[in-house]
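Trainee: Model the full assembly from the supplied sequences, consistent with the hints where possible.
Protein chains in written order, with the numbering used here: chain A, 1 to 153; chain B, 1 to 117.
Think of the hints as simulated: they come from the structure by calculation, not from any bench.
Over 12 Å on every C-beta distance to chain B, these chain A residues come out as not near it, computed from the model:
id, residue
1, 13
2, 31
3, 34
4, 37
5, 69
6, 71
7, 73
8, 82
9, 89
10, 93
11, 130
12, 132
13, 140
14, 142
15, 144
Listed next, the stretches of chain B that the computed footprint assigns to chain A, with coverage defined by at least 3 CB atoms under 8 Å from CB atoms of chain A:
id, stretch
16, 49-60
17, 66-76
18, 87-101
Listed below are several chain A residues computed to face chain B (Cβ distance under 7 Å; list not exhaustive):
id, residue
19, 44
20, 102
21, 112
22, 116
23, 122
As the structure is a prediction and not an experimental result, all values here were calculated from the model.
C-beta: ideal position from N, C-alpha, C; glycine also.
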Amino acid sequence: MSTPIYIQTTMELTLPSELGYEVVARDAVAAFACRLCIAPDRLEDLKTALCEVCINAIEHGNSLRPGLRVQIRCRVEVEQLIVEVVDQGVSAFAPKSEPLTIAEKLAGLGSLRGMGLMLISQLCDEAGFVPSADPGNCFRFAFYRQPMVGFRH
Amino acid sequence: MLEDELTVSTRERDDVAIIDLFGDVTTFAEEKINSAYREVTNKGARFVLLNFRQNDYINSAGIAILIGIVTEVNRNNQKLAVSGLSQHFQKIFRMVGLAQYAEIYQDEDEALVGFKR
Numbered sequence: 001m002s003t004p005i006y007i008q009t010t011m012e013l014t015l016p017s018e019l020g021y022e023v024v025a026r027d028a029v030a031a032f033a034c035r036l037c038i039a040p041d042r043l044e045d046l047k048t049a050l051c052e053v054c055i056n057a058i059e060h061g062n063s064l065r066p067g068l069r070v071q072i073r074c075r076v077e078v079e080q081l082i083v084e085v086v087d088q089g090v091s092a093f094a095p096k097s098e099p100l101t102i103a104e105k106l107a108g109l110g111s112l113r114g115m116g117l118m119l120i121s122q123l124c125d126e127a128g129f130v131p132s133a134d135p136g137n138c139f140r141f142a143f144y145r146q147p148m149v150g151f152r153h
Numbered sequence: 001m002l003e004d005e006l007t008v009s010t011r012e013r014d015d016v017a018i019i020d021l022f023g024d025v026t027t028f029a030e031e032k033i034n035s036a037y038r039e040v041t042n043k044g045a046r047f048v049l050l051n052f053r054q055n056d057y058i059n060s061a062g063i064a065i066l067i068g069i070v071t072e073v074n075r076n077n078q079k080l081a082v083s084g085l086s087q088h089f090q091k092i093f094r095m096v097g098l099a100q101y102a103e104i105y106q107d108e109d110e111a112l113v114g115f116k117r
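Mentor: And the structure:
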């Protein structure tokens, strides 16, 4: 009979709202996820998705305003890892239209930026903005977990 | 801001201009990458290889810089390829469509052979 594995099922981080700190969040959340049977290739997806969500929070939700914070909440459920990234809501961030394709960008039809949300939606099992009691934008994404023998909350 | 270190250098091998990118490709990389591209273009490069090395982090801002390079490559009638990307970032490049405009090779040697085909 295998020994049950007891692990923490929640983690919260608060980061300075400055570009570059998304890497600090990435490494912390990746270390947390490593303990939760996220497959290695999905771990890379998680790291990229988290960075993109944090960048959106810093650049859009907090409008690159210094002194603000970005909050990250991770929660493990039986079948998935859920991550919420909350900014302080300097501006409401929700995409107004479909992102431009690379061909449209090369044709000069819009900014070369704006690939983040598309990447996030493709990398995560679930992703999107959700209503929140917090004043800022809350973006939630999820990764399904592999089964883990002996796991106990 | 936490500026990640990126080292960019250029060299030539078999008539291919190689731009080595060591480190993270983010918004902070723009001037270094564009400067290296201008340098090889001013020297008359027809074939340009972006050789990624130890790139733990490439984000959407970095990808936007690379799309800008594709724009210039098309304008200057050059041919662009990339090498050295991890499997994950090869997947990312395909997702955003960069693979349509720059052939992806596992490493530098494979890319140099590919340019000659």
